[in-house]
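Given chain A's structure and the hints, the job is docking chain B onto it.
2 protein chains.
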Amino acid sequence: MAERRYIGQSTPRVEDDALLRGKARFVDDLTAPGVLHAAFLRSPVAHARLLGLDLEEARAIPGVVAILTLADLKDVLTEERLPLQFISKTLPPDITPYVLAKDEMLYVGEPVAVVLADSRATAEDAASIIGIDLEEMTPVGDLRAAVEPDAPPVCSTRAGNVCEAFEVGYADVDAAFREAAHSVRLSMNQHRGGAHPIEGRGILAEPDAGGGLVVRSSTQLAHEARAFLVALLDLDENRLRVVTPDVGGGFGAKFLLYPEEVVASAAALLLGRPVKWIEDRREHFLAAIQERDQLWEIEAACDAEGRLLGVRGSMIHDAGAYVPQGINLAYNAVTAYPGPYVLPAYHMDVRVGMTNKVPTIPVRGAGYPEGTFAMERTLDALAARVGIDRVEIRRRNLVPAESIPYATPLKSRSGAGITYDSGDFPALLDQVLEAIDHAGFEARRAEAARAGRRLGIGVACGIKGTGRGPYESAIVRVGRSGKVTVFTGAMPMGQGLKTAMAQICGDALGLPPDRIEVICGDTGTIPLGIGGFASRQTVVAGSSVARASAAVREKAIRIAAHLLEADGGDIELVDGEARVKGTNVGIDLRAIAASAHGSPGYALPPGVDPGLEASENFMPKGLTYGMGAHAVEVAVDEETGLVTLTRYAVVNDCGRAINPRMVEAQIHGGVVHGIGNALFEYMDYDDQAQPVTTTLADYLMVTAPEVPRIDVRIAEYPSPLNPLGVKGVGEAGCLPVAPAIASAVEDALGVREAAIQRVPLSPPDLIDLLRARAADAA
Amino acid sequence: MAERRYIGQSTPRVEDDALLRGKARFVDDLTAPGVLHAAFLRSPVAHARLLGLDLEEARAIPGVVAILTLADLKDVLTEERLPLQFISKTLPPDITPYVLAKDEMLYVGEPVAVVLADSRATAEDAASIIGIDLEEMTPVGDLRAAVEPDAPPVCSTRAGNVCEAFEVGYADVDAAFREAAHSVRLSMNQHRGGAHPIEGRGILAEPDAGGGLVVRSSTQLAHEARAFLVALLDLDENRLRVVTPDVGGGFGAKFLLYPEEVVASAAALLLGRPVKWIEDRREHFLAAIQERDQLWEIEAACDAEGRLLGVRGSMIHDAGAYVPQGINLAYNAVTAYPGPYVLPAYHMDVRVGMTNKVPTIPVRGAGYPEGTFAMERTLDALAARVGIDRVEIRRRNLVPAESIPYATPLKSRSGAGITYDSGDFPALLDQVLEAIDHAGFEARRAEAARAGRRLGIGVACGIKGTGRGPYESAIVRVGRSGKVTVFTGAMPMGQGLKTAMAQICGDALGLPPDRIEVICGDTGTIPLGIGGFASRQTVVAGSSVARASAAVREKAIRIAAHLLEADGGDIELVDGEARVKGTNVGIDLRAIAASAHGSPGYALPPGVDPGLEASENFMPKGLTYGMGAHAVEVAVDEETGLVTLTRYAVVNDCGRAINPRMVEAQIHGGVVHGIGNALFEYMDYDDQAQPVTTTLADYLMVTAPEVPRIDVRIAEYPSPLNPLGVKGVGEAGCLPVAPAIASAVEDALGVREAAIQRVPLSPPDLIDLLRARAADAA
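Residue numbers (this note's numbering), protein chains in the order written: chain A, 308 to 1085; chain B, 308 to 1085.
Chain A extracted, bound-state conformation (with noise of 0.2 angstroms):
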């Protein structure tokens, strides 16, 4: 085992250079000779049937080259519809959406058409003009309507508008009712919202010629991509090649493949020209995919103590106009509805509803933050119910340090057991307690108050399912020029992956970071892979390069003792060389490349094969969970309605960190995403489905003003289900931010209950609650 140099360290970002600099190259900064623009002719109202295009006024206009529709692509492509990704679950077949739309239209903003012009303001243009013939249909645009059994339907060739029924749980919650000291009711909802990556999606798809396609992608999942292209283009994988350059952010939005991308690689290959479509932040908020947007309805009981006994309910997840990629966020979110938490008893029923609104697939925790927004609710709501303090039952309720690892009783989709693999949950309860000086609140409080400011504190905690598999690609490889590159099928979106990688490798291979070039999601270069998503890329991705690093040092030591003629035993890998112990006798690592490619003066060593490289695809055994306790203090203006967080805390288990400020950045920016949860991003449609916030002026992100300094802290809990011990951070600082806010703000107003159910929380909202409280008061 190599000595570690660089894993654990902040080392500095190997990515910051070019993004400083700008010279990062983003999709929408390449292009292509010959390239064409697109534009889509997207559905302007939620449901409707397709009747027909005029066409020909759009054709007629200069530089327009073509212009699409599902029935031209027929030629190219294998099916209409996007295939089901990512999972195996069975549904319907008319589930997915159409590449573009083929009869009747069911969101706004679904694409129907796509111009192709050499420029994208003419292709813009022309599809603006297109005529388009349909006839309007019944939207159904809200989830609870939605699923009743004699609501319209979202699509007239369904049978109804719940795509699928289930129920989780265990143990015999009716009994546990009957046992109770205490029970409460709940009616939650946190609203949907987009992923919204500072770059939105984009793609350009250069035909070569040789009949194959070089597809430049801002995606999450190069090789998945890559494999539904393959197969709705019919072409060998050696024939299409996704690369994807530097990446804006995903957070979601960009796990999909969706049907712009199919219909840009199409058109290309129908045109034999480029094609380039970016989308632009309005096309972000019709037609990228969107999460959160639950009902829960649950009751939840308890001992005198405040002890979980059960929760039973029911909860109706929106899915949307379609189901491109499976339902995993609805079970996601009543699975981690129990969080760190002891429940003895459990049941929920579970309807996927649809509506005619534009898809959800996972951003962000998905659907994690659902979860764990109902039972941190919960919680606050049975303390009061108890009477005793919020703090006091969550520490009653954790599972305790001694119970870990701790298999859950639930099982995840796949029928494998939940199980907390490592981690001490009091402890990070009091270390966030600490962090924000929990002991000093009421001091602080009372000296607000005599400023006339109204403060509150709260405390959340969440644990998220990190490190997905099957597996994650890597190829280590030491070029004949001593050059070090790592390959991966991971996607680095702005996490720093790169240096992270470089950390694994170069602790391995004796080479600081700088020196060790890693290249993400690109199919040309690597045969394997999956891709961004999950928490899962340091886990998986860092696994299989910690072991490929491993192997190429073993090789390279082996090869350094016969050249030096040394035992392996006393060799040592530090700046580029092998040197033997304790003496100044080494060789650099471009000649033992050398030896190892049998170049001129470096016969290969006897017993050695050609290369000095090695591949591995790490598969864990399970999910690893990082808990993360969350405390944060607002200031309340009753006047206005405006929270105003003063301090934020986290303490989140990260197993191991590999670059300790990247771990912390991970969780800011997850604690920022849970804000905007919170307080801010509210994606709001009329009552005709239409969507009316889709401009960022209507539709409010955090900007940095609301974020107050968050004071992060890491804590190392080993995994034992991965080399590095690594636990996923990339979705777990979101998860209890919205429960620790709306707890916070009840605590400023001296509300006992839990009265927040339906997050984001705006200032009406809140002057809103605050009347009615008044009101119940006279």
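Only true hints are included.
List time: in silico DSS-like cross-link candidates among lysine-lysine, alpha-carbon distance up to 25 angstroms:
#1 B/K928 with A/K862
#2 B/K381 with B/K409
#3 A/K718 with A/K928
#4 A/K409 with A/K381
#5 B/K928 with B/K718
#6 B/K862 with A/K928
By construction, these hints were calculated from the structure, which means they are not laboratory data. Just so we're clear, the structure is a prediction, and the values are computed from it rather than from any experiment.
For chain B alone, kept in the frame of chain A given last:
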């Protein structure tokens, strides 16, 4: 082991559809946006000091973008000279060519500067008016004079014109002569000629936005070219991709990384634009490497029955003006001399001389044709001296079948022994006599004589070491789509290599060859590789493909057994399907591949790693030797000196034929090449070392009318050195052609001794010979 359904069959070539329909893409078929065309200013004289260039007028031509000299490339090159390629021998540092001439020009055609313009015509126009200020120096054209101690230097900074001198031999050769019954002296030369593939050299170097370079080249050695370019341009391997499109023949001319390729690549980086250079035929005559040109002086001794006792002598090899690739040709030739015969004692003094001519590196045969010519002429001379038949003397000297494997007393340059691994040489001789109807020859001769025609018959043998290591690469990959691709560093140049690799893989995977795509010589697709030379590819790459395919087969069967709930031993792979033998239960490769990739609906079977591919870099333990016996019947016109080949037969051992028709075609091509060496190809220089045969009108290539029907018969003596048992046949065909024809011509003319000691044998040469004999007789 898979059933052999495709190996051993003359399956149609997978290459031919594209080639015959004009869909093949050679480097000159490719372009890139903004491409600049290169033309080289070349030395007009064989030896001169370069004092300066007047570029002003040339630079002013519209369309000229840049004119670059060596000094202009300093910023992008780490070295001014080519590296010594592909060998580890230490030679003087001033022996390899400059990338562009520096102070001194050493041969006509040496590149001095490059013009980059928007068309090749403009670039050539500009190059033609560059003023070149030079001081002529004494050129050294004659090889024998060049190696004299008082010869003027080929290069003013070198100590002399002998690059290296060495001895090869074994046993007490002088003692052999003392015991000999007979001895002969011969003074022989096989003249230099070009390789002349139908497609010349060419390169298109495209810089990319990341500071990297994609080099499309007609090279025989994609991975070696990358290695040298990486070093010269100081790039990482991952930033430099060398891709070979379709390549129209090599024959050694594309074995070297040339100055033009380095200059085009460096210019592309320097100017940030694609640069294309396509060699024209005149440049091929001037600046592509040549071979042969050795001066042999030997004495040979035998016993009273004509059994060889010893051979001694000296040889001078012409290396030309530089040594870009080493001096292996001289070594090859003298170690090839014994050929398939038992030679008890041997001693040769060898000098590698330099002249002011274009460098020599291996052309098809790589020294073996020269050694074979010398031995076969020796045997003919001894037969005459002893007074026995020319066939009989061969029969008496061939290594007997029972001595195989036969460890010769010689060593290769690396010190390894030279061992003939399998075969039956006398049997092959008998077979070729039967093939040409040797028994019926005297009747044919008599009948021809009645018609006034002089017929003669000649027989010669040769043996070629093939399948050179250290390794060749293969990756066999079944994509998630189920489509199969074979990647290799081996390089097809027209031989049908892709077909052979597809046959080998096809047998393992139960797939017809036309359902397997083979991608060769693209450093972007496979990290390791070497390339095409030394009749190595089917042997070494074929073995890698066989082993990698077997590994993929094994994994596919394991997965199929799991999916079919069957025993792996009961499963066969046939027609793209895994079937339970004797049933119609099966599963296709697509489903197996989907399972291997954990695709939706097909989870990874327990214990199976992701992916369905294998990589192999087979390292042969030694060269494998395939013997060839040739017989030729000629008609000679004494008045015109015209030699007409009337019958030609070859029996050649290929170990195992992967594709018999392709093996025959390789041998056929080799014979045709040998006919050129024997009768036509002559690279003439004047007394100033100025080449005078620089068009195909002056330099005669063999064309169809000169080629008789060649009866090629394959013998199969499987090699024990590789899993397929194959031997290389790319070069073998050309080895014995010249001595067989010389022998037949002498036989036609009634010449008993080996009077023809120099090839090519032109009609005037023949008439000179006849006149000299008439004078002797008079």
